[in-house]
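Protein chains in written order, with my numbering: chain A, 320 to 990; chain B, 32 to 199.
These are computed hints drawn from the structure, not numbers from a lab. Heads up, some of the hints might be wrong.
Covered stretches of chain B, as calculated for chain A (at least 3 residues, CB under 8 Å) [what the hints assert, rightly or not]:
| # | segment |
| --- | --- |
| 1 | 74-84 |
| 2 | 138-151 |
Facing chain A, according to a computed beta carbon distance under 7 Å, are these residues of chain B, among others [as the list claims (entries may be wrong)]:
| # | residue |
| --- | --- |
| 3 | 63 |
| 4 | 66 |
| 5 | 102 |
| 6 | 103 |
| 7 | 107 |
| 8 | 108 |
| 9 | 113 |
| 10 | 123 |
| 11 | 124 |
| 12 | 163 |
| 13 | 170 |
Values in this document were obtained by computation on a predicted structure and should not be read as measured data. Note that the Cβ used here is the ideal one computed from N, Cα and C, for glycine as well.
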Amino acid sequence: MSTNKGNGMATASGLIGKSVKRVEDKRFTTGHGQFTEDIVLPGQTYAAFVRSQYAHAKILSVDVSAAKAMPGVVAIYTGADVAGVNGVPCGWQVNFKNGNAMREPKHPLLVADKARHAGDAIAIVIAESKEEAVDAAQAVNVEYEELPCVVDAFKATQSGAPLVHDDVPNNMCFDWALGNPIEEVNEAMSKASHVTTLEFVNQRLVPNAIEPRSYNSSYDAINDKYTLYTSTQAPHLIRLLMSAFVLGLPEHKVHVIGPDVGGGFGSKCFHYTEEALLTWCTKKIGRPVKWTAERTESFLLDAHGRDHITKAEMGFDNDGKIVALRAKTYVNLGAYLSTFASCVPTYLHGTLLQGLYTTPKINIDVTAAFTHTTPVDAYRGAGRPEASYLLERLVDLTAHEMNMDPAELRFKNFIPPFDGVNQPGYQTQVALQYDSGNYEAVLKKGLEILDYEDFRKAQKEAANNGKLLGVGFSTYIEACGIAPSAVAGALGARAGLFEVGHVRVQPTGKVSVYTGSHSHGQGHETTFAQVVADKLGISMDDVEIVHGDSESVAFGMGTYGSRSIAVGGTAIVKSIEKIIEKGKKIAAHLLEASADDVDFANGKFTVKGTDKSVPFGNVALTAYVPHHYPKDLEPGLDFSSFYDPANFTFPFGCHIAVVELWMMSVMLSTR
Amino acid sequence: MSTKITVTVNGAKHIDKVEPRLLLVYYLRDVLKLTGTHVGCDTSSCGACTILVDGKATKSCTMLAVQADKCKITTIEGMATNGELHPLQEGFNQCHGLQCGFCTPGMIMTAADLLKNNKKPSEEQIRAALEGNFCRCTGYHNIVKAVQYAADKMSAPRARKTKKEAAL
Ligand code: FES
Ligand code: FES
Numbered sequence: 320m321s322t323n324k325g326n327g328m329a330t331a332s333g334l335i336g337k338s339v340k341r342v343e344d345k346r347f348t349t350g351h352g353q354f355t356e357d358i359v360l361p362g363q364t365y366a367a368f369v370r371s372q373y374a375h376a377k378i379l380s381v382d383v384s385a386a387k388a389m390p391g392v393v394a395i396y397t398g399a400d401v402a403g404v405n406g407v408p409c410g411w412q413v414n415f416k417n418g419n420a421m422r423e424p425k426h427p428l429l430v431a432d433k434a435r436h437a438g439d440a441i442a443i444v445i446a447e448s449k450e451e452a453v454d455a456a457q458a459v460n461v462e463y464e465e466l467p468c469v470v471d472a473f474k475a476t477q478s479g480a481p482l483v484h485d486d487v488p489n490n491m492c493f494d495w496a497l498g499n500p501i502e503e504v505n506e507a508m509s510k511a512s513h514v515t516t517l518e519f520v521n522q523r524l525v526p527n528a529i530e531p532r533s534y535n536s537s538y539d540a541i542n543d544k545y546t547l548y549t550s551t552q553a554p555h556l557i558r559l560l561m562s563a564f565v566l567g568l569p570e571h572k573v574h575v576i577g578p579d580v581g582g583g584f585g586s587k588c589f590h591y592t593e594e595a596l597l598t599w600c601t602k603k604i605g606r607p608v609k610w611t612a613e614r615t616e617s618f619l620l621d622a623h624g625r626d627h628i629t630k631a632e633m634g635f636d637n638d639g640k641i642v643a644l645r646a647k648t649y650v651n652l653g654a655y656l657s658t659f660a661s662c663v664p665t666y667l668h669g670t671l672l673q674g675l676y677t678t679p680k681i682n683i684d685v686t687a688a689f690t691h692t693t694p695v696d697a698y699r700g701a702g703r704p705e706a707s708y709l710l711e712r713l714v715d716l717t718a719h720e721m722n723m724d725p726a727e728l729r730f731k732n733f734i735p736p737f738d739g740v741n742q743p744g745y746q747t748q749v750a751l752q753y754d755s756g757n758y759e760a761v762l763k764k765g766l767e768i769l770d771y772e773d774f775r776k777a778q779k780e781a782a783n784n785g786k787l788l789g790v791g792f793s794t795y796i797e798a799c800g801i802a803p804s805a806v807a808g809a810l811g812a813r814a815g816l817f818e819v820g821h822v823r824v825q826p827t828g829k830v831s832v833y834t835g836s837h838s839h840g841q842g843h844e845t846t847f848a849q850v851v852a853d854k855l856g857i858s859m860d861d862v863e864i865v866h867g868d869s870e871s872v873a874f875g876m877g878t879y880g881s882r883s884i885a886v887g888g889t890a891i892v893k894s895i896e897k898i899i900e901k902g903k904k905i906a907a908h909l910l911e912a913s914a915d916d917v918d919f920a921n922g923k924f925t926v927k928g929t930d931k932s933v934p935f936g937n938v939a940l941t942a943y944v945p946h947h948y949p950k951d952l953e954p955g956l957d958f959s960s961f962y963d964p965a966n967f968t969f970p971f972g973c974h975i976a977v978v979e980l981w982m983m984s985v986m987l988s989t990r
Numbered sequence: 032m033s034t035k036i037t038v039t040v041n042g043a044k045h046i047d048k049v050e051p052r053l054l055l056v057y058y059l060r061d062v063l064k065l066t067g068t069h070v071g072c073d074t075s076s077c078g079a080c081t082i083l084v085d086g087k088a089t090k091s092c093t094m095l096a097v098q099a100d101k102c103k104i105t106t107i108e109g110m111a112t113n114g115e116l117h118p119l120q121e122g123f124n125q126c127h128g129l130q131c132g133f134c135t136p137g138m139i140m141t142a143a144d145l146l147k148n149n150k151k152p153s154e155e156q157i158r159a160a161l162e163g164n165f166c167r168c169t170g171y172h173n174i175v176k177a178v179q180y181a182a183d184k185m186s187a188p189r190a191r192k193t194k195k196e197a198a199l
């Protein structure tokens, strides 16, 4: 095994699973990353926004005359100017329990009538410099009539609550339920010998990626072509939503590039109004327009996470076996539906309420409400951590209430191990079918690491020494590798959730890989290269991974939901399989054998049972210089694959936290 | 109204006329096109914009360009010498101290200041020195290890210091 450039990279198969140093680090550690804000285009202009100071206010007038006269101002647009442009839609339809479609007011690019959350955009000011744009934005005069607001999902649905959208009664976007019929769950619950009840708020979170959102949009009038640089996790998705649903542009005339992106955690996979607005503006003014959020704008506008108000009950028999789970959740969607907002508290949440337990009857009931707050969408785990929290708090609380050991209570209720091969997958009560799992094993391992028995002894001793030692458990399961398109479609997704991987072997045997998956910290350039180098038996140095460009690969669904390697990686592997299959035909011709008799391993095509072989590089060259070549075989060694997963992946695990409190009393007195 | 400033950045002298309100970070990024210094918060909170001003780690979003007149500045672009990475740059790669890389330049510059004054910092001292630098991706453990890696490498008996390191 040889190494290259002292980087410790193996050149032969066996790379998958190896710890290798990241290849993208060099540009980031030397200051040569290229983030959207770093890009300055010829004729660049800069945008700043006039945003609502109020959570809810009627906009009586917007006076831009003073601002227009400010130095450097190129253009100012208000809600009236974009009245004919569609708002930003949601990407997932959830239906009411009665079958009606959710209420889906579009998110206007600029609001004209009223502001529905603090930060709602009222005007965009474009100037020669950032500073001039900000100065002029401050000179725009908006007259407001402040209106009462509601920020709590439960209160929003009560009669008399101020309406966010006049045509959405009770602020209700949808109601939704999943699991066993509620009557069955109620009956099982009524027979329980112990019911644990928990009411809690899973609080709203601000995602705060360190790189503020940034967009730079330009228009080439000669070729009628738009280019949008965007700090996104999903360039193709943005292109599709923006061109087809918001601006009505021909998709092939819109080039979307997600260059280096400074973290996203979900918040950068949505289509934001500013992306479309800048793209609309660039054609109007005939110059590129750039906007980068200030941190205050990141807080106010990047879709938030969580914000559930939940009452959950878990019923147990005498022995501590769970007999039923019932949950009622009020979900805060914010003022508008962000791209995946509707699926997060439903199909990414309710479907995980089986957890690791054999609970025979489950029902979750969700009411999703609009409020005068920042839109809420997927953030770190999205819906699934909320499910784990609900379940694990209930189980820990039960252990306390029933005076049982929390680990024991979990062992009692775990789904027994199943490998998905000899035993079938586990059909949950909430739609998902787990592929395989061994939940006891992870908790056992956790207890072993903690030395649980020892810990319990230490706990008693600590109490005698003025200390309190506590332990908290969380076992969990997640549905990742999002997602089988047909399943997602049946549940309301308005897009497929496959991924595309294109592998181009160059004549010299070097390999360029184009993926629809996007890296914003995940390290695709390393991980995907590792997979490709392993499969082809070549050096990682001979592989380049290209991502984040809508024109480099047929399509892409982007990165979120732990899908990069599971879905994006598999698409690449599918293309490699096609390359090897074609390579065998070429090698067979060169080796004067039958393709069926050719094996591929360690970068060589070999005739089975002989030492006759030809290296991968020679086959690549032959594919492009096809002088001695199989009849009826196309030249070239270049394949693209769409991979649509058959199921989610179901990672599971266990966390144990130990906390020590030193008890002491302090008396303070003033003198 | 513009003010003339003379600044030495990564060893090169620059004379520019700048608006008095121009922040140093935007002078570096927009005027000198040194975009390795990032703006994460524009409120002196995140440390992504950290550079060395006369050898001292400074949040460049907190300083006006005119205040940098006659100063010697080092940015992340000036850390490698003749293609050879600074031990901190190497350390971040070796210890997986970055994911998205947006916070990394600021982390490296803050750590460079620390290592100049404290050749063998303890873990606690490293954490304390980096308290003004946020990383939203990594969880910090590997960043601490990266700084330790650099400290070890720089204090190794036979480590040859580049001129640049000695001068920082
Ligand atoms: S940008 Fe200077 S501290 Fe955040
Ligand atoms: S690596 Fe992304 S913020 Fe630190």
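Here is what the structure says about each hint:
1. 74-84: With 4 residues closer than 8 Å to chain A, the segment 74-84 of chain B meets the three-residue bar; holds.
2. 138-151: Three-residue rule not met by the segment 138-151 of chain B, so violated; n is 1.
3. 63: violated (12 Å)
4. 66: With a closest approach of 4 Å, the residue 66(B) hint holds.
5. 102: Nearest chain A Cβ about 19 Å off; hint violated.
6. 103: violated (18 Å)
7. 107: Holds: closest Cβ of chain A sits about 4 Å from residue 107(B), inside 7 Å.
8. 108: holds (4 Å)
9. 113: Violated, about 13 Å.
10. 123: Result: holds, 5 Å to nearest chain A Cβ.
11. 124: holds (4 Å)
12. 163: violated (13 Å)
13. 170: Not OK, violated: residue 170(B) not within 7 Å of chain A, min 12 Å.
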